[in-house]
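A.B. asks: Could you put the whole structure together from the sequences, leaning on the hints where they help?
Be aware that the first sequence starts at 267, since it is given in my numbering, and climbs by one per residue.
Treat the hints as calculated values from the structure; they're not laboratory data.
Predicted, not measured: the structure shown is a model, and the values here were computed from it.
Hints may be right or wrong, so weigh each one.
Straight line, CA to CA, 25 Å or less: simulated SDA-like cross-link-like pairs of lysine to any residue [to be verified]:
| id | residue 1 | residue 2 |
| --- | --- | --- |
| 1 | K554 | L511 |
| 2 | K553 | R605 |
| 3 | K602 | V791 |
| 4 | K553 | W564 |
| 5 | K554 | Y525 |
| 6 | K602 | R470 |
| 7 | K602 | G326 |
| 8 | K553 | N512 |
| 9 | K845 | Y525 |
| 10 | K521 | H543 |
| 11 | K521 | L511 |
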Amino acid sequence: MYEILCAGEPGRGLEAAAHERESAGETARWVWDDTCRWYPGLLDDGVRVERAHDLRLAHGILRHSPLTAGTPFAQMSDAGWDALEPALTGQHSTGRRGNDQGTLNGQRSAGAQGAADGAASANAAAASLFDTASLFEVDSLFDAEPTTAAMSGLASLDVEAEWAAQQAAITASTDPGRLRFLCAAESAAALAAAEMHHAGLPWRSDIHDALLTDRLGPRPPVGQRPERMEALAQQIRAALDAPRLNPDSHQELLKAMQYAGTGAHSLRQWEIRDIKHPVIAPLLEYKKLSRLLTANGWNWCDTWVRGGRFRPDYVVGGVVTGRWSATGGGALQLPKQVRSAVVADPGWVLVCADVAQLEPRVLAAMSGDQAMAAAGRGVDMYAGIVDAGVVASRDQAKYGMLGAMYGGTQGVSGQVRPAFARAFPRAIALVDGAAAAGEGGEVVRTWLGRGSPRPHPDQMASNTAVRAWGRFTRNFVVQGTGAEWANMWLAGIRRRLWDMGETDDGPSGLAPHPFTRRPHLVFMVHDEVVIHSPAGMAEAVADGVRAAASEAGRLLFGPASGVEFPLTIATVPTYAQAK
DNA sequence: TCCAGGGGCGCG
DNA sequence: AAAGCGCGCCCCTGGA
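C.D. replies: This is the structure:
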């Protein structure tokens with residue numbers, strides 16, 4: 267029990283309380299309305315939080331999960347929390363969030379739920395990661411600047427009431443263990459996302475600029491094309507005999523192409539690539555350079571890179587399936603072309619890890635398909651499928667698997683479909699079942715219980731639309747469970763990295779506190795992470811990342827699933843060398 | 001002047 | 001090899 271504190275007050279705010287608790291080694295679970303609203307300010311003060319429960323994220327999960335469908339929580343009308351949107355930091359924010367009206371209402375809550383029961387296996391690691399031995403509840407008045415007009419009437423959201431309602435919903439659900447795990451993993455992911463934004467991806471603007479200059483020519487004045495692109499534009503105009511053509515105009519270009527007799531019906535690069543016409547070569551090159559300039563050119567760098575770091579806003583659970591999205595800077599589409607600008611600080615390295623064939627492995631585990639699990643025993647699951655004699659080539663294995671998960675019927679995936687169904691009956695039955703459920707208008711769920719959205723009537727208006735919805739639900743169960751695995755992985759990684767402590771002999775990096783002397787996550791793309799680490803700790807980091815992967819598999823699917831999640835890890839000075 | 005939508009392309 | 005899933009963001013266009 268402690269006094270009411272104002273988050274905005276210097277010296278004795280949420281930051282101070284958090285710092286006290288966290289540095290005393292108390293394993294609190296902070297319950298707050300939105301990690302995005304509170305955690306950036308704490309991190310700015312150098313405070314790292316071990317565990318949290320994000321009411322906004324959990325609310326979304328519990329409102330739509332089929333596992334809570336029978337509970338009052340899912341059935342009530344709740345305009346308030348339903349409308350809550352993530353409080354993103356905005357593109358140039360570096361300071362604390364404007365939470366001056368917030369109050370912290372520290373109240374100890376009894377609540378010692380164990381780790382997940384149900385299908386998710388509980389063990390010591392699960393207990394330390396996901397139990398709620400002690401709680402500190404953060405209450406806050408609602409922000410004066412609501413993110414949507416619909417929220418303007420919400421003077422306050424009752425944090426304690428919502429927390430109680432969520433606990434009740436989980437308890438009353440048909441599978442409390444799964445949902446407890448899901449909320450914990452989602453909340454841990456939110457912490458990781460805030461920390462990655464705080465630390466930022468090391469970005470060398472000078473290398474980026476040199477790369478751009480090399481490809482495009484010197485940075486042009488505002489409103490002008492770089493010289494390489496201008497030269498290509500002239501070649502395109504000449505080849506099409508269209509002196510005033512704007513190559514950025516799709517309509518103009520397509521008309522000119524047709525008038526010139528190229529026979530092009532679209533301007534997609536893979537459709538015009540093989541056309542024999544003098545415009546093709548300069549046009550393809552122009553499109554490539556144009557993409558580089560507009561997506562990751564000088565303006566991008568000015569906008570998104572500050573102080574040697576690229577800081578995108580990650581949106582945990584931003585994808586319907588539960589995957590992360592990102593806003594601003596196209597963080598999750600960072601082209602391989604510019605990754606050479608991602609360089610570790612002096613004396614530091616980047617530990618880049620990605621999971622080999624995450625979604626197929628997740629499918630094998632969910633369905634309990636032992637044959638598929640066995641095929642994935644090595645690092646290359648597709649090679650394993652060939653070795654098992656299911657198909658003749660790695661490509662067939664790959665496209666067959668993609669077809670099974672995405673609902674492909676054409677080409678190679680259609681051809682090998684019967685072979686897959688024979689070799690992996692349980693896995694194929696699972697995805698086919700999800701597709702059939704979707705086509706029937708039913709909701710499907712991920713392994714931990716995230717529900718798929720209900721189709722709108724127009725999404726079921728034609729046979730084509732119905733099949734498309736079936737492909738969506740087919741993929742939802744796999745992609746969504748993959749996202750759950752990734753969040754668990756991330757939770758395990760960030761805990762292990764912190765537990766490694768600070769480097770003692772290495773140089774301190776340029777990352778802000780509390781990561782100045784610690785290995786820390788700086789990037790994450792669905793099934794891949796990048797960790798910025800003092801060089802001397804890189805091996806331990808890699809071990810931790812591997813341990814976290816096998817832990818994630820155990821926690822989700824139990825120790826006996828037989829499914830492994832092998833990683834490819836590269837310790838490199840620059841992200842460009844990762845693969 | 002603002003905004004939605006189409007076409008296109010980067011990522012997983 | 002551009003089928004099948006999920007995104008964000010660019011440019012241009014046409015309508016309000």
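A.B. asks: Run every hint past the structure and note whether it holds.
C.D. replies: Results for each hint:
Proposed proximity of K554 and L511 is supported: the alpha carbons are some 18 Å apart, at most 25 Å. Of the pairs offered as hints, the one joining K553 and R605 holds, with about 20 Å between alpha carbons and a cut-off of 25 Å not exceeded. For the given pair, K602 sits about 13 Å from V791 by alpha-carbon distance, which is consistent with the 25 Å threshold. The straight-line distance between the Cα atoms of K553 and W564 is roughly 17 Å, inside the 25 Å bound, and the hint therefore holds.
With a CA separation close to 23 Å, the supplied pair K554 and Y525 stays within the 25 Å bound. For the proposed pair K602 and R470, the alpha carbon gap of about 15 Å is at most 25 Å, so the pair holds. For the hint linking K602 to G326, the alpha-carbon distance of about 34 Å lies beyond 25 Å, and the restraint is violated. Restraint check for K553 and N512: satisfied, since their Cα atoms lie roughly 12 Å apart, inside the 25 Å limit.
At most 25 Å may separate the alpha-carbon atoms for a hinted pair to count; K845 and Y525 exceed this at roughly 43 Å. Pair hint K521 plus H543 holds up; C-alpha atoms about 15 Å apart against a cutoff of 25 Å. Simply put, K521 and L511 have alpha-carbon atoms about 10 Å apart, close enough for the 25 Å limit, and the pair holds.
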